[in-house]
Amino acid sequence: MGITLLAELVNVLAAFLLLLAFAMLSQRRVLTLIKLLAWQGAALAASTGIVAWSTGQTHLYYSALITVLLKVILIPWVLHRLIDRLFVRWDIETLINIPTTMLIGIGLVIFAFALATPISQMATTLTRSTLGIALASVLLSFLMMIVRQKAVPQVIGFLAMENGLFFAATSATYGMPLVVELGVALDVLVGTFIFGIFFFHIRERFDSLDIRHMEKLKED
Amino acid sequence: MEIAIVLGLPLLGALLLALTGHRGWAPELNATMSFATFFAAILLTARVISGGPIIWLGQQFVADPSNVLVVVLADLLREQFFVDPFNVFLVALTAFVGFTTALFSRPYMRTEQDHGRVNAKRLRLYHSMYQLFTFTMLLCLLSNNVGVLWVAMEGATLSTVLLVSLYRTPASLEAAWKYFILCSVGLAQALFGTILLYFAAEKVLGPGGTALLWTHLHQVRGQLEPTVLSLAFVFLLVGYGTKVGLVPLHNWLPDAHAEGPTPISAVLSGLLLNVALYAVVRSKVLVDGALGRNFSGGLMMGFGLLSVVVAAFFLSRQRDIKRMFAYSSVEHMGIMTFAFGMGGAVAAFAGLLHMTVHSLTKSAIFFTVGHASQAAGTQNMDSIRGLIQTSPTIGWGLVLGSLAILGLPPFGVFTSEFMVLTTAMHEHSWATPFLLVALGVAFASIFGKVQPMVFGETTGQRLPRGPALVPVFTHLAIVLALGLYIPPYLVGWYRQAAALIG
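Those protein sequence lines, which keep their order, are chains U and D.
Using my numbering, read the first sequence as starting at 1 and increasing by one per residue.
Using my numbering, read the second sequence as starting at 1 and increasing by one per residue.
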């Protein structure tokens, strides 16, 4: 396969990533959200693998492998177990104003591209055009965390944000040094477990995972 | 080698305390490990004073070059750790306050256990996470790799989040959730900033390990791409600034301080905020090299001044004693950020001095506040009265600590605030009225609330256990000494550090 074809493939995966970010923004079912997160991880791993193959950066293979293990298998599995044990598997969140959220999301994408363009022009990597998409998916996950009112979707938003950041690292620089990537992966993993422990504590105290119960601490 | 010991001891402590579970002697073991870390930090400091900055080369490992694993490990660790005048004093300070807080935590947490607020299982978590938290902070300071710095900073959040919710009350869970979400999102911004920094550095230093090493970045900082670095700095400042507690990113801070156990409030305020500011200042040095001082300095001065003013006005509205002192921390972090933003030898010197004295004073205040609220059974300031009658030493500690933090001479806080103010008058006279009004408001609010708590009428009881007052008065004595006389070697040390970052 030619290098341009591979670059095109990465572009397609980037578009898929952005599409998934929008899908997560409007998805009401917790179960489907986890599936979307796993798909996002898969797209990330695939694009990392393609970049590794086309540039011969061996450390990116490890990075892709870690992504598959962590973000496609382990974290979705942990989240599945969690929602089973918390009996929120079939939870449906009432989201208001999906159209407005989508419009804000489109605005964010335009903003992200405007911000990333001067930097992508400087990049020499063959995947440079995807930096804008990476930034856009980070911002969309940020938006998702703001509009969600349940704890589990908020955490999924956080994990999606981490995916976007990893994608930014591969598309702008062919990935961070391995020590750093390993460290970040460890933090994400530990973070997910702590979130899990937290869910049970919150549930025990508030009988619900709705974070609207947790808005007592305010300045009066 | 000292670096490995300084980092290894708290990690070992965390493992030991996690494995042995909660025994009667766990608080003592915690204090012993903290003392050992402090001792190792002193050795490290002595070594840096006598021998100058150290970059750990990792060759110490390779005694036997035929062992592949050792060689690979040494290669992985090459140049990953360093000590220079800027971080060595923070390492010493972190280890010292970590040790004194462990001393304070002994009677404090035992009393909490008597009151039934924590059980053995949670104390096990508490002690091992305390050591792990110390480890992550020291790793932040000693790491030469700005990527590892980020990882350690996130590690510091992760290790303290379950400590903030240790009491499992609704309010503490809410505080911990807020802390976790806001700091993680903030740090995600910092990670993006780090990626951008790597992107700029890779062009100059080539891909691979060295492009994130601070010592290498520092050498080539003039060649880094200015557009990328300015964007990177915005992300880094917002990211680490969340952790520093800069307004308007400070929302997690008062809640986390008020709802967590008091020893944790003391180390959060006294140490973690410093370490986060350290990360901001390190980034600033690189950006200044590429862009000149105006850009980063202006941003930091803006954020700093806003924090000082907003926090001062929030101070007067607080009812919870720990919340009030948490806002005071926001105010002081604002002063430091402002000082580092102004830049130059004097302002950077003042910022470093203020880091030291604020950390010592604020942790001392939290120690006394912890005992005072335990004695009163509440953190509500209206219900804490007459400390001078029930426990005079705690009362005096609180009065002296408050006077010190309010910047009354001859305490060290006065010296550093005076230097910041005079520099501001010279270089940025527009900022002086804001600073003066904020300091005045802070004085009136804190003093007005501390006075009745200490001297009012009371029917309160004495504490059953003797409070840990040695840490309180040691800290205050050091702050007083620093206000009266700064030893020449310390001045030299601060000067070198200020030259590095000014």
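One should not assume that every hint holds.
[What the hints assert, rightly or not] Simulated coverage check for chain D against chain U, where a stretch passes if three residues somewhere in it have a Cβ under 8 Å from a Cβ of chain U:
| # | region |
| --- | --- |
| 1 | 16-23 |
| 2 | 105-117 |
| 3 | 128-141 |
| 4 | 179-193 |
[To be verified] Listed next, the in silico DSBU-like pairs over lysine-lysine satisfying Cα-Cα at most 30 Å (straight line):
| # | chain 1 | residue 1 | chain 2 | residue 2 |
| --- | --- | --- | --- | --- |
| 5 | U | K150 | U | K35 |
| 6 | U | K216 | U | K150 |
| 7 | D | K121 | U | K216 |
| 8 | U | K216 | D | K203 |
| 9 | U | K150 | D | K449 |
[Unchecked claim] The following label-pair restraints were derived from C-beta to C-beta distances:
| # | chain 1 | residue 1 | chain 2 | residue 2 | range |
| --- | --- | --- | --- | --- | --- |
| 10 | D | P487 | U | H213 | 51 to 57 Å |
| 11 | U | I146 | D | H218 | 33 to 39 Å |
| 12 | U | H201 | D | T378 | 49 to 55 Å |
| 13 | U | I146 | D | L69 | 27 to 33 Å |
| 14 | D | T20 | U | I110 | 52 to 58 Å |
| 15 | D | R465 | U | I146 | 42 to 48 Å |
| 16 | D | A120 | U | Q149 | 33 to 39 Å |
| 17 | U | F200 | D | G206 | 43 to 49 Å |
| 18 | U | I110 | D | P487 | 55 to 61 Å |
| 19 | D | E28 | U | F193 | 28 to 34 Å |
Please keep in mind that the hints were generated in silico from the structure rather than gathered at the bench.
We put the beta carbon where it would ideally sit given N, CA and C, even for glycine.
request  = For A120/D and Q149/U, compare the CB-CB distance with the range 33 to 39 Å and indicate the outcome.
outcome  = 36 Å, holds
inquiry  = Quick check: do three or more residues in the region 16-23 of chain D have a beta carbon closer than 8 Å to a beta carbon of chain U?
reply    = With 0 residues close enough to chain U, the hint is violated.
task = Take the C-alpha atoms of K121/D and K216/U, compute the straight-line distance between them, and say whether it is at most 30 Å.
result = 28 Å, holds
task = Given the range 28 to 34 Å, decide if the beta-carbon distance of E28/D to F193/U lies inside it.
result = Hint holds: Cβ distance 30 Å, inside 28 to 34 Å.
query = Is it true that the CA of K216/U sits at most 30 Å from the CA of K203/D?
reply = 49 Å, violated
task = Can you let me know if the beta-carbon spacing of I146/U and H218/D is within 33 to 39 Å?
result = 37 Å, holds
inquiry  = Within 49 to 55 Å: is that where the Cβ-Cβ distance between H201/U and T378/D falls?
reply    = Check failed, 24 Å falls outside 49 to 55 Å.
task = For the pair we were handed, K150/U and K449/D, check the Cα-Cα distance against 30 Å.
result = Given that 30 Å is the threshold and the Cα spacing comes to 39 Å, the pair is violated.
message = Is the listed coverage of the region 179-193 of chain D by chain U valid when you require three or more residues with a beta carbon under 8 Å from a beta carbon of that chain?
response = holds (count 7)
query = Are there three or more residues in the region 128-141 of chain D whose C-beta lies within less than 8 Å of some C-beta in chain U?
reply = violated (count 0)
query = How does the Cβ-Cβ distance of R465/D and I146/U compare with 42 to 48 Å: does it lie in that range?
reply = 46 Å, holds
request  = Please test the hint of 27 to 33 Å on the beta carbon pair from I146/U and L69/D.
outcome  = Roughly 47 Å apart at Cβ, these two residues miss the hinted range, so it is violated.
Violated hints, in rising order: 1, 2, 3, 8, 9, 12, 13; the structure is consistent with all others.
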